[in-house]
Amino acid sequence: MTSKLDNLFDYVQERCLWQFASRTWDRTENIEGVLGQVGALLKKQKPVAETPAARLHLADARVLVNDCRQRYDWVDAIPAQEVDLVLAGLKERLLDVTITRSKNRELNHSLY
Amino acid sequence: MPMVLLKCDKDIPEREKHIYLKAPDEDTNAHLPLSNAATIPGTLSERGCAFCGAKLVIGGVVKDAIQMIHGPIGCAYDTWHTKRYPSDNGHFQMKYVWSTDMKESHIVFGGEKRLAKSIHEAFDEMPEVKRMFVYTTCPTALIGDDIKAVAKKVMEERPDVDIFTVECPGFSGVSQSKGHHVLNIGWIDEKVGTLEPKITSPYTMNFIGDFNIQGDTQLLQTYWDRLGIQVIAHFTGNANYDDLRGMHRAQLSVVNCARSSGYIANELKKRYAIPRLDIDSWGFNYMAEGIRKIGTFFGIEDKAEELIADEYAKWKPKLDWYKERLAGTKMAIWTGGPRLWHWTKSVEDDLAVQVVAMSSKFGHEEDFEKVIARGREGTYYIDDGNELEFFEIIDLVKPDVIFTGGRVGEIVKKLHIPYVNGHAYHNGPYMGFEGFVNLARDMYNAVNNPLLKLAATDPRGERKVAFLEAAE
Numbered sequence: 001m002t003s004k005l006d007n008l009f010d011y012v013q014e015r016c017l018w019q020f021a022s023r024t025w026d027r028t029e030n031i032e033g034v035l036g037q038v039g040a041l042l043k044k045q046k047p048v049a050e051t052p053a054a055r056l057h058l059a060d061a062r063v064l065v066n067d068c069r070q071r072y073d074w075v076d077a078i079p080a081q082e083v084d085l086v087l088a089g090l091k092e093r094l095l096d097v098t099i100t101r102s103k104n105r106e107l108n109h110s111l112y
Numbered sequence: 001m002p003m004v005l006l007k008c009d010k011d012i013p014e015r016e017k018h019i020y021l022k023a024p025d026e027d028t029n030a031h032l033p034l035s036n037a038a039t040i041p042g043t044l045s046e047r048g049c050a051f052c053g054a055k056l057v058i059g060g061v062v063k064d065a066i067q068m069i070h071g072p073i074g075c076a077y078d079t080w081h082t083k084r085y086p087s088d089n090g091h092f093q094m095k096y097v098w099s100t101d102m103k104e105s106h107i108v109f110g111g112e113k114r115l116a117k118s119i120h121e122a123f124d125e126m127p128e129v130k131r132m133f134v135y136t137t138c139p140t141a142l143i144g145d146d147i148k149a150v151a152k153k154v155m156e157e158r159p160d161v162d163i164f165t166v167e168c169p170g171f172s173g174v175s176q177s178k179g180h181h182v183l184n185i186g187w188i189d190e191k192v193g194t195l196e197p198k199i200t201s202p203y204t205m206n207f208i209g210d211f212n213i214q215g216d217t218q219l220l221q222t223y224w225d226r227l228g229i230q231v232i233a234h235f236t237g238n239a240n241y242d243d244l245r246g247m248h249r250a251q252l253s254v255v256n257c258a259r260s261s262g263y264i265a266n267e268l269k270k271r272y273a274i275p276r277l278d279i280d281s282w283g284f285n286y287m288a289e290g291i292r293k294i295g296t297f298f299g300i301e302d303k304a305e306e307l308i309a310d311e312y313a314k315w316k317p318k319l320d321w322y323k324e325r326l327a328g329t330k331m332a333i334w335t336g337g338p339r340l341w342h343w344t345k346s347v348e349d350d351l352a353v354q355v356v357a358m359s360s361k362f363g364h365e366e367d368f369e370k371v372i373a374r375g376r377e378g379t380y381y382i383d384d385g386n387e388l389e390f391f392e393i394i395d396l397v398k399p400d401v402i403f404t405g406g407r408v409g410e411i412v413k414k415l416h417i418p419y420v421n422g423h424a425y426h427n428g429p430y431m432g433f434e435g436f437v438n439l440a441r442d443m444y445n446a447v448n449n450p451l452l453k454l455a456a457t458d459p460r461g462e463r464k465v466a467f468l469e470a471a472e
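Residue numbers (the numbering used here), protein chains in the order written: chain A, 1 to 112; chain B, 1 to 472.
Worth flagging that the hints you see were computed from the coordinates, not collected in a lab. Glycine included, every Cβ here is placed at the ideal spot set by N, Cα and C. Treat each hint with caution, since some may be false.
To be verified - Computed list of lysine-lysine pairs in BS3-like fashion (alpha-carbon distance at most 30 Å, straight line):
{"#": "1", "chain 1": "B", "residue 1": "K10", "chain 2": "A", "residue 2": "K103"}
{"#": "2", "chain 1": "B", "residue 1": "K95", "chain 2": "A", "residue 2": "K46"}
{"#": "3", "chain 1": "B", "residue 1": "K117", "chain 2": "B", "residue 2": "K130"}
{"#": "4", "chain 1": "A", "residue 1": "K103", "chain 2": "B", "residue 2": "K7"}
{"#": "5", "chain 1": "B", "residue 1": "K95", "chain 2": "B", "residue 2": "K152"}
{"#": "6", "chain 1": "B", "residue 1": "K152", "chain 2": "B", "residue 2": "K130"}
{"#": "7", "chain 1": "B", "residue 1": "K270", "chain 2": "A", "residue 2": "K46"}
Unchecked claim - The calculated label-pair distances, taken between Cβ atoms and stated as ranges, are:
{"#": "8", "chain 1": "A", "residue 1": "E32", "chain 2": "B", "residue 2": "L5", "range": "36 to 44 Å"}
{"#": "9", "chain 1": "A", "residue 1": "E32", "chain 2": "B", "residue 2": "G110", "range": "49 to 57 Å"}
{"#": "10", "chain 1": "A", "residue 1": "R69", "chain 2": "B", "residue 2": "P13", "range": "46 to 54 Å"}
{"#": "11", "chain 1": "A", "residue 1": "R69", "chain 2": "B", "residue 2": "I12", "range": "31 to 39 Å"}
Start from the sequences, fold in the hints, and give me the full structure.
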């Protein structure tokens, strides 16, 4: 599981602008929203995207999943239970790196 | 690897907090250059002023508005015509420059009457133009001229005109970045929502943070037209003043330059629930990814794939021709901020070029998080680099080509190192598929230009050219 988590973390760090949004609440919302859609796609469920924000997270998630499918053999074969574990670990690590331990001094300004 | 104190900075050791050399397995939690901080006394900064950030970068791009600079004539000249952003109305905003031309007596006795007179004169001279930006500058801010009050009075006297005021004197921030911020927030506070746009498509978006440098906006617009997406407002490439008042009606905000324009996208999300999609518009892989995301958002994935396939068929062979010849080229990027993270992977993935040093004039720590996460190990990441640091970094990394602006470009040319204008481009546009081929072509031509070697040779054979004499 660790190597799968590492794969996804490295991909997100290298490719995904949504993790580096302007403020803590934007980063949290993006990480949770996109990974939620990633989970549905990896589990081959029909994604629910009824709001504009959910449609945006789905758009980001679909590119992530398609790219990772090409990069990593395990993506197509991962069991549903493991998807939840991997994504929970990924969410924890992303929140830690981009928010909790971030050295960005602007993350918690109350205004944009 | 710790932060780096260069030899030239031995007398200003505070600079160590601004220069990072990425080591294996380090992330942005280990080290992050201090940025968006005041320039350290003793360093020869390459930054511009806050007023420049508002006027030259964003406001001055708008194609159908008079840009009235309330200050000495130099503030107007130095923020006019140096960045090539054309428009489809005959380049009105590049042909003309307006200033209140403040002199000593106006500073002593106040400039508000002169500003009112200048505004009326400009509208009288150009009766077909009904929109205006008015900017304060350092001296007129210091003497307390109330440009909002003057603009309000003019609008009462001329009900058919609309004026937007930007109170952002050069000294109001540490760099251009403050001007971006002030204009973004001022525009959404005062102008967005004051005009209802005509909706012509079921798919509507704002395209934010693209300034039509050498036609970027116009090139990308061909993609949106093919997808049937109505761009309500481009912020601000090739933009009409009134289109920008209707930004609140878009379904999606697509953001390219997050540094100059992320503020208005964030506010549109907060105030109008318009989601913000950040994309990279430079590079094949990135551009395709951005189009795919937009296609998914609107449920037009097939059209998006068709567009990408068409563009790849047309331009990818040309890109690959340059990739074959540019592979292994060492590139330095010394620009404003976002182009560091937009370009570092795109030139690596699409052109096999290695970015060995990057310097940002006005990037914030968010920009360094992005670029360090994407960038190579063994690359220097510099905030607010100064001239002597550039000399030392060049010696350390020996770049084959440097993408930077006109000012730093002059230094680069004197060192006879290939240079491409990374701000205003050499021969753009550089965005989109066709644009990235243009970038590759300009890089190839720069690297292989024999004139640089000839320029470094003294035909008299009497003395060797002193490359680094300026640093000695």
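Structure-inconsistent hints, enumerated in ascending order
Checked against the structure, the hints that fail are numbers 2, 11, while the rest are satisfied.
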